[in-house]
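Using the sequences and the hints given, assemble the complete structure.
The listed protein sequences derive, respectively, from chains X and C.
Heads up: the first sequence at position 47 corresponds to 67 in the working numbering, and the numbers run straight through without jumps.
Heads up: the second sequence at position 65 corresponds to 157 in the working numbering, and the numbers run straight through without jumps.
Check each hint, because a few of them may be wrong.
Estimated spans, in silico, between C-beta atoms of each pair [claimed, not checked]:
hint : chain 1 : residue 1 : chain 2 : residue 2 : range
1    : C       : V260      : X       : L165      : 13 to 23 Å
2    : C       : G168      : X       : F97       : 17 to 27 Å
3    : X       : E92       : C       : A183      : 23 to 33 Å
Here chain X is said to cover these stretches of chain C; the calculated rule only asks that three of the stretch's residues, wherever they fall, bring their Cβ under 8 Å from a Cβ of chain X [unchecked claim]:
hint : stretch
4    : 113–121
5    : 173–184
6    : 233–243
Think of the hints as simulated: they come from the structure by calculation, not from any bench.
Backbone N, C-alpha and C define an ideal beta-carbon position, used for all residues, glycine too.
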Amino acid sequence: MMVFPANDAGITSGLLSGVLFGYVLENAGFGSPCKLTAQFRLSDWSVFKVMFSAIVVAAVGLYLLRLAGYAEDGGFFVTPPMLGAAAIGGAMIGVGFAVGGYCPGTSVVGLFSGRLDALLFLIGIVLGTWIFASAYDEVKWLTSLGAIEAETLPELTGLPEWMILAGLGIAAVAVFVIGTRFERRLQGPVTAEQATVGNTR
Amino acid sequence: MTRTTASNRTGSIRTFWPSWLAGLALGLVLLLTFLMTGHGLGATGFTTRFAAWIGEMLAPAAIAANDYLGPMVENGNPLASWITWEVLGVAIGALAAAYSSGRWRFQISGAQSGRIKRLSLAVGGGIAAGFGARVAAGCTSGVGLSGGAALSVAAFVFLAAFFTVGVVASRLLHGNNHRNP
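Have a look at this one:
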């Protein structure tokens with residue numbers, strides 16, 4: 021029986037994952053900084069909705085495959101629990117998103133849907149990386165800030181995984197309900213036409 | 093689908109997928125990636141290697157001596173990595189989606205208050221994101237989305253900080269104006 025992950029690090033899996041990822045992100049509207057930043061103005065909840073539901077789908081899929089014996093327990097990468105580093109990095113990327121209109125992945129989508137501002141955002145990322153690297157000795161401590169023992173939510177809470185997944189599923193439904201309510205009140209969400217040809221409404 | 097011309101700029105723009113469909117599709121793509129590779133999707137793994145690669149061409153001595161980027165260029169080309177192919181794939185997939193839906197436009201988007209201002213803000217935002225992604229060892233895709241699917245505690249802390257600070261920063265930038273944009 022095939023047990024995943026296949027631990028492939030080659031060109032085919034890279035290109036396949038990437039092509040599908042880019043195709044879905046553009047179709048979700050995430051190449052447009054107007055659509056993306058409308059999430060932070062609370063008038064378009066596509067970013068929350070799509071991210072949350074994708075996390076639930078992938079997490080439930082991994083859980084079921086593990087239960088059925090097709091996926092190896094502990095065989096998948098888990099982001100190390102440096103919670104301070106995650107909070108600081110998340111905050112800076114949040115500021116970058118609000119100011120610059122993209123996050124790193126979506127700026128690639130923006131550039132390849134024709135947006136010059138996305139190229140400038142990517143140049144900014146390279147500059148930010150150089151600044152980080154040149155200050156590395158002074159800022160290195162940030163990268164391991166707030167380390168805890170528990171890597172995952174089930175480990176942290178002591179709750180069974182199915183309960184965490186059910187909780188996330190309920191939270192995802194709540195995001196859809198609350199988000200749609202905000203969108204109605206604030207004349208969202210941003211349509212493909214607004215995102216493509218007109219930035220004003 | 094016919095290509096649109098400048099005089100027919102609003103013609104044949106297909107709508108975006110509904111969020112539930114995009115979320116389901118993204119979740120399945122992420123799951124497929126996990127099964128094939130053992131890890132999720134990302135972006136700044138590539139931009140960091142790209143920064144090392146460009147840096148090596150511009151200032152090889154400085155990059156080699158750098159504690160962070162130096163190790164990346166030690167064993168040959170820093171771009172020789174899975175993440176390079178993945179990001180190249182993202183570019184191809186985005187291009188195909190934008191082109192086939194009539195949404196490809198050469199433009200500076202979000203430039204209502206001036207092109208220079210928009211492009212400067214884009215660089216500034218990129219710098220903050222690039223620096224932040226090195227602190228968190230990943231970005232919205234690598235830590236937030238992929239870490240979230242692995243139920244990583246760090247992912248949910250990242251997402252909470254990302255959204256809270258993003259909403260506050262947006263409020264400070266745009267005031268109480270919820271209109272787009």
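Verification of the supplied hints:
The hint said 13 to 23 Å for the Cβ distance between C:V260 and X:L165, and at roughly 21 Å that hint holds. Here the CB-CB span from C:G168 to X:F97 is close to 24 Å, well matched to the stated 17 to 27 Å. Roughly 32 Å separates the CB atoms of X:E92 and C:A183, a value that falls within the hinted 23 to 33 Å. Only residues whose beta carbon comes within less than 8 Å of a beta carbon in chain X count, and the stretch 113–121 of chain C has 8; three or more means the coverage holds.
With 11 residues bearing a CB less than 8 Å from a CB of chain X, the stretch 173–184 of chain C meets the requirement of three and the coverage assertion stands. Figure legend: the stretch 233–243 of chain C, annotated as covered by chain X; annotation consistent (11 residues with Cβ-Cβ distances under 8 Å, at least 3 required).
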